[in-house]
Amino acid sequence: MTHAPGGRRRPRGNRIATAVLLLFTAGSLFPLVWTAVAASRNNTRLAQTPPPLWFGKNLLGNLEIAWEDANLGSALLNTTVVASCTAAGTVLFATLAGFAFAKLRFRMKNALLVLVVGTMMVPPQLSVVPLYMLIAELRWTDQLQAVILPGLVSAFGVFFMRQYLMEALPGELIEAARVDGASSLRVVWHVVFPAARPAMAVLGMLTFVMAWNDFFWPVVALTQSGNPTVQVALTGLGRGYVPDQSVVMAGALLGTLPLLLAFVLFGRQIVGGIMQGAVKG
Amino acid sequence: MTSRTTERRSRRHRRDLRWSPYAFVAPFFVFFLAFGLFPLLYTGWASLHRVELTAPTEMEWVGLRNFTRLLHDDFFWNALRNTVTIGLLSTVPQLLIALGLAHLLHQRLRGSAFFRVAVLTPYATSVAAATLVFALLFGRDYGMVNWVLSLAGFDAVDWQNGRWTSQIAVSTIVIWRWTGYNALIYLAAMQAIPRDLYESAELDGASRLRQFLHVTVPSLRHTILFTCVVSTIGATQLFGEPLLFNGAAGATGGAEHQYQTLGLYLYEQGWVNLHLGRASAIAWAMFLLLLVVGAVNWLIARRLGGTATGGGATGRRATGRSPRGGRTPGVRTPDDSTPGRST
Chain A
1 MTHAPGGRRR
11 PRGNRIATAV
21 LLLFTAGSLF
31 PLVWTAVAAS
41 RNNTRLAQTP
51 PPLWFGKNLL
61 GNLEIAWEDA
71 NLGSALLNTT
81 VVASCTAAGT
91 VLFATLAGFA
101 FAKLRFRMKN
111 ALLVLVVGTM
121 MVPPQLSVVP
131 LYMLIAELRW
141 TDQLQAVILP
151 GLVSAFGVFF
161 MRQYLMEALP
171 GELIEAARVD
181 GASSLRVVWH
191 VVFPAARPAM
201 AVLGMLTFVM
211 AWNDFFWPVV
221 ALTQSGNPTV
231 QVALTGLGRG
241 YVPDQSVVMA
251 GALLGTLPLL
261 LAFVLFGRQI
271 VGGIMQGAVK
281 G
Chain B
1001 MTSRTTERRS
1011 RRHRRDLRWS
1021 PYAFVAPFFV
1031 FFLAFGLFPL
1041 LYTGWASLHR
1051 VELTAPTEME
1061 WVGLRNFTRL
1071 LHDDFFWNAL
1081 RNTVTIGLLS
1091 TVPQLLIALG
1101 LAHLLHQRLR
1111 GSAFFRVAVL
1121 TPYATSVAAA
1131 TLVFALLFGR
1141 DYGMVNWVLS
1151 LAGFDAVDWQ
1161 NGRWTSQIAV
1171 STIVIWRWTG
1181 YNALIYLAAM
1191 QAIPRDLYES
1201 AELDGASRLR
1211 QFLHVTVPSL
1221 RHTILFTCVV
1231 STIGATQLFG
1241 EPLLFNGAAG
1251 ATGGAEHQYQ
1261 TLGLYLYEQG
1271 WVNLHLGRAS
1281 AIAWAMFLLL
1291 LVVGAVNWLI
1301 ARRLGGTATG
1311 GGATGRRATG
1321 RSPRGGRTPG
1331 VRTPDDSTPG
1341 RST
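Protein sequence lines correspond, in order, to chains A and B.
Throughout the first sequence, residue numbering follows my numbering, covering 1 to 281 in sequence.
Throughout the second sequence, residue numbering follows my numbering, covering 1001 to 1343 in sequence.
Keep in mind that the hints are not guaranteed to be accurate.
[What the hints assert, rightly or not] Within a straight-line C-alpha distance of at most 25 Å, the following computed SDA-like cross-link-like pairs (lysine to any residue) qualify:
1. A:Lys109 to B:Val1030
2. A:Lys57 to A:Thr44
3. A:Lys103 to B:Pro1027
4. A:Lys109 to B:Phe1029
5. A:Lys103 to A:Glu167
6. A:Lys103 to A:Glu175
7. A:Lys109 to A:Leu169
8. A:Lys103 to B:Ala1026
9. A:Lys57 to A:Asp244
10. A:Lys103 to A:Ala201
11. A:Lys103 to B:Arg1012
12. A:Lys103 to B:Tyr1022
13. A:Lys57 to B:Tyr1142
14. A:Lys109 to B:Leu1040
15. A:Lys103 to B:Arg1015
16. A:Lys103 to B:Arg1011
17. A:Lys109 to B:Ser1020
18. A:Lys103 to B:Arg1014
19. A:Lys109 to B:Leu1017
20. A:Lys103 to A:Pro170
21. A:Lys103 to B:Leu1033
22. A:Lys57 to B:Asp1141
23. A:Lys57 to A:Glu68
24. A:Lys109 to B:Trp1019
25. A:Lys103 to A:Met166
26. A:Lys103 to A:Gly181
27. A:Lys57 to A:Trp67
FYI, nobody ran anything at the bench for these hints, they're computed from the structure.
In isolation and in its complexed conformation, chain B is listed as follows:
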C-alpha cells in the first residue's frame, strides 16, 4: 500500500466522519421541513389572508379579520366549549379507569399476557370503525344501550340529539379506544417503582388501598401528569368521533352543533365552507389552547417537583402516545423535559 493511497483513504475517512451525521439526519429533516415545519409556520401566514379552497393559491391580505370574526362567532365559542367539556368527559374517566386497570394488571395473575393484549385491542380499532359501531349501539330506537337501559327500567335516551347525552356518547368512544393504552403506560411505570417502598409501607401497617394511594399514585405522578397532558392534547383535536357519530350531520357535529369540536369546526370552515383562511385562524386558536394547557402543566409540574420523594429517581421516563388520529405515530416526551422536575 503506497502512502498516497493511505493518505487518500484517511482523507476520505475524515470527510466521512465529518459529513455522514448530516447525511443520516438529512432525509428526516427534508421531509420534516417540507411537511412538518413549513406548514406549521405557514398556517400563521395563511390565517391573515382570505383564501378559498377553490383557489388555494390566490391569497388576499385581510390582516386580523379572520381572528376578529372568530371572536364574534357563536359557532366558534360553541366548538370551544364542546371541546373542553368532551375533553373532560373523556379524559377524566379514562385516566381514572386506566389507573385502576393498571393496578389490577400489576398483580401476579394467571394469563396476564392475555389481559394486556385484550385491554389494548380497542386501540387497534380505527376511529372510523369504532364510531360507526358506537353510533349504532347508541341508537335512540333500536340501540343496544337504550335496550339495556330499558331493561333496568329507564326511558330511552336520545343519544344523538341531546347536548350532554351526545357528548357523553362521543366521550365513550374515546374512553373505549384509549383506556387500555393508558393502562399499559401506567403499568410500565408501576413496574419501575422500587419494591422496598411497598415493603416499608407494609411494615408501617398500610393497607393495600393506602399503599395504592400513598405509594403507587405519588410514584406515578409524573406519568399521570404526562398522560393528562397527552390526553388533553388528544382531546383538543378530537375529530373523527364527532364527524362520524351521526353520519347525516357530518361536519356540523349534530343538528344543533351540540358536539361540534374545534377540530371539526376547522374542517367545516375549510373543507365544507371552503374558507381556508378562517380554518387557519381556528388552527391558531387551537394552538393557543394548547399553550394554555402547556402552561398549566408547567405550573403543576413545578408544584409536584418540589415534593418529589423518589418516584422520579429511578431514571423512569414517562412517554405518551399519539394524539388521536394524529399523523405522527406516538408522541413522546422525556419525563425530564417537564420543567421544574427534581430528581
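This is chain A alone, in the form it adopts within the complex:
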C-alpha cells in the first residue's frame, strides 16, 4: 500500500489531506450529478435562477424523448459494437505483436519497433483527410467499419503488451513448450495468452473506454442521420436537434451511464491499469 513520505504516520496531515480530497472529489463528481439533476427537470426550470440543485420528476420522460427523438437507443448499440470490436481486436493483435516483439527473434525487429513507438505520438488529425478519402472511396461513410477498422491499430497496445510480456513471460516457459513440440500457435494459445491475461484485461478496458468516448473520427466518418455512435448523436442533441436542454442532459446522461457503471464495477482495475501503465519496475 501507499506510504506517507518519510514513512511516519501523520494523523493530522491525513485529516487535512482527506478533507481536501473530499472537497476535490465532490467538485469532480458534481458535474456528473448535476447532469442527472438537469435531466430530471424541464426547460422552464433550467431557465430560472437559482438553478435547480435537486432532482425533479421528469427524468424518465426526458430519457424517453432523448431515446426516441435522437435515436439514442440505436446509437448506444452502435457504440457498444464499435467499442467491443475495437477492444477485442486491439487486445488480440496487440498481444500477438507484443509477444513477437518481446520474446521472438526476427529480422527488422528493432526497426519495426521504432516505427511503432515513433508513430504513437502522432495525432489522428494528421491523417484524417486521406482516411476520409479512403473510406469515401470504399463507400464506408456512415458504416460502422469505418470507425472500427482504423481503431484496431494501436501502437500503444503493442507497446503495452510488449512491456508486460518482457517481464511476465519467462523464456524458459516458451522453451519448455517448444521442447514438447508445440508449434508457435500452440505456444501462443497455451503459454502466452494465459500469461498475458491480466494485461489483456487492462488493455481491453482502457481501449473500450477510449473507443466509447472517441469523438473526432466518428464525427467525421459518421453522420447523425446515418449510423451515429452516442458521441455523434450527442453532437446533434447539442446543436438544437432537440430544443429542450433537459432532454440534452438526459442524452448526455445516457451516453455516460454505461461507462460510469463500468467504473463503479471495475474502477480499481482501471486505476491499477493506468498506474501500471505509468510505472514499470
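Go by the hints and put chain B onto chain A.
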C-alpha cells in the same frame, strides 16, 4: 516414428520458428499501414492539391498554394493563437493541480482506493457529454457558475462570447476531464521514489513542503516533462470541447472564432467548407507545431538529464495517455526515449 516424419517435423518446426514472428506482427502492421501510416504520409501529398469533399478522388495539383494561403489567412493565425492560449490555460493548472492531488493521494489514507477511482471518474465522461453539461453550467443568464459568482457579489460573465472567458471555460472542461488521470500518473511515479531519499531529507530537518519541493518534484521531473509533452500534444488537437461548447456556433468556435482551435479550423475547412486540400495543409501546420514542441522538449530533457540525481535510476518508466479524443487508446513512450537522459 520413422526418420522421414521426424525430418518433416523438424522442417516444419524450423519454418514455424522462422515465419511465425512475422505472422504475429502482420495483422497489426496491415491495419497500421492501411489506416495509420499511409494516411499520415498521404496528407502531405493531398496538401499540395486542390481536393474538394464533394469529389475526393479528383485532385488538382496546386503546389504550395494551400500553404501560402494559410500564411495570409487571419482565421488560421487566430486558430493558432487560440490553440496556444487554450493549451496553456488548460495544461498549466491541470498539471499543477494533478501534482498536488497526487501528493495528497500518496499519503496513508483511509479510503484511498475510493479517492483514486473518484478522481478518475471524469475521465470516463466523453468530450461530448462533458461539454454539453459545462456549456449549461457556464450559461450567461441561468448558468450555475454565474449564479455562484452572483452570490459572491460578481456580475454575470458572458462565458460564451468573450474571448478570454470562453477560452477559460473551454479549458475548464479539459482540466476537469484530465486532472485525475495525470494525478494517477504522478502518483504511480511517486510510489517509485526510494524511501531513503525522504529519510535522509528528514534527518537534515527538511519540512514536508521542502521534501515535496526538493525530493518529490525533482524525482518526478521526467514524468512531469512527459505529461507536459503529452498534454501539449492533446492541446494542439483540441476539438470536441470547442465544437460543442456553443452548439449553435459549431465549427466556427464561437461567433467571432474566439475559441476556434486548429483542430476545429481543420474540420471547418474540410467538412464544412469542403476544402480537403486546405484541411491537409492545416494538418501539416499542426505537425510542424508538434515538431516545435518536440524540439523544446528535447532541449529541456537534455538540460534535466545533466543534473539527474537518482530519480531515474529506479527503472521507472513515464508513460502517458491518449491525446484527447485520440483514436489510439493511450499514447505511451518509454521514459528512456527522452534524448539526453542520464541514468
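Results for each hint:
Taking the CA atoms of A:Lys109 and B:Val1030, the gap is about 16 Å. The hint holds against a cut of 25 Å. For the hint linking A:Lys57 to A:Thr44, the alpha-carbon distance of about 13 Å falls within 25 Å, and the restraint holds. Taken as a hint, the A:Lys103 and B:Pro1027 pair is honoured in the structure, with Cα atoms around 18 Å apart against an allowance of 25 Å. Pair hint A:Lys109 plus B:Phe1029 holds up; C-alpha atoms about 12 Å apart against a cutoff of 25 Å.
About 10 Å separates the Cα atoms of A:Lys103 and A:Glu167, which keeps this hinted pair within 25 Å; it holds. Restraint check for A:Lys103 and A:Glu175: the C-alpha separation of about 11 Å stays at or below 25 Å, so the hint holds. Between A:Lys109 and A:Leu169 the CA atoms are separated by roughly 19 Å; this keeps the pair inside 25 Å, and the hint holds. Under the criterion of a C-alpha separation no larger than 25 Å, the hint pairing A:Lys103 with B:Ala1026 is consistent with the structure, at around 16 Å.
Note on A:Lys57 and A:Asp244: the hinted pairing holds, with a Cα-Cα distance of about 15 Å set against a maximum of 25 Å. For the suggested pair A:Lys103 and A:Ala201, the alpha carbons sit about 20 Å apart, so the restraint of at most 25 Å is met. With a C-alpha separation of about 20 Å, the suggested pairing of A:Lys103 with B:Arg1012 holds against the 25 Å cut-off. Between the alpha carbons of A:Lys103 and B:Tyr1022 the distance comes to roughly 13 Å, so the proposed pair stays at or under 25 Å and holds.
For the given pair, A:Lys57 sits about 20 Å from B:Tyr1142 by alpha-carbon distance, which is consistent with the 25 Å threshold. With a C-alpha separation of about 22 Å, the suggested pair A:Lys109 and B:Leu1040 falls inside the 25 Å cut-off, and the hint holds. In summary, the hint linking A:Lys103 to B:Arg1015 is supported, as the alpha carbons are separated by about 17 Å, within the 25 Å threshold. This hinted pair checks out: A:Lys103 and B:Arg1011 have alpha carbons roughly 21 Å apart, not beyond 25 Å.
Note on A:Lys109 and B:Ser1020: the hinted pairing holds, with a Cα-Cα distance of about 13 Å set against a maximum of 25 Å. Of the supplied pair hints, the one linking A:Lys103 and B:Arg1014 holds, its CA atoms being roughly 17 Å apart against a limit of 25 Å. Among the hinted pairs, A:Lys109 with B:Leu1017 is consistent with the structure: their alpha-carbon atoms are about 14 Å apart, no more than 25 Å. Note on A:Lys103 and A:Pro170: the hinted pairing holds, with a Cα-Cα distance of about 9 Å set against a maximum of 25 Å.
Under the criterion of a C-alpha separation no larger than 25 Å, the hint pairing A:Lys103 with B:Leu1033 is consistent with the structure, at around 23 Å. A threshold of 25 Å between alpha carbons decides the hint, and for A:Lys57 with B:Asp1141 the separation of about 23 Å falls inside it, so the pair holds. Of the pairs offered as hints, the one joining A:Lys57 and A:Glu68 holds, with about 19 Å between alpha carbons and a cut-off of 25 Å not exceeded. The suggested pairing of A:Lys109 with B:Trp1019 holds, with an alpha-carbon distance near 13 Å, which does not exceed 25 Å.
For a cut-off of 25 Å, the pair hint linking A:Lys103 to A:Met166 stands: about 7 Å separates their Cα positions. With a C-alpha separation of about 18 Å, the suggested pair A:Lys103 and A:Gly181 falls inside the 25 Å cut-off, and the hint holds. Between A:Lys57 and A:Trp67, the direct Cα distance comes to roughly 17 Å. Compliance with the 25 Å bound is thereby established for this hinted pair.
Every hint from the earlier list agrees with this structure, and none is contradicted.
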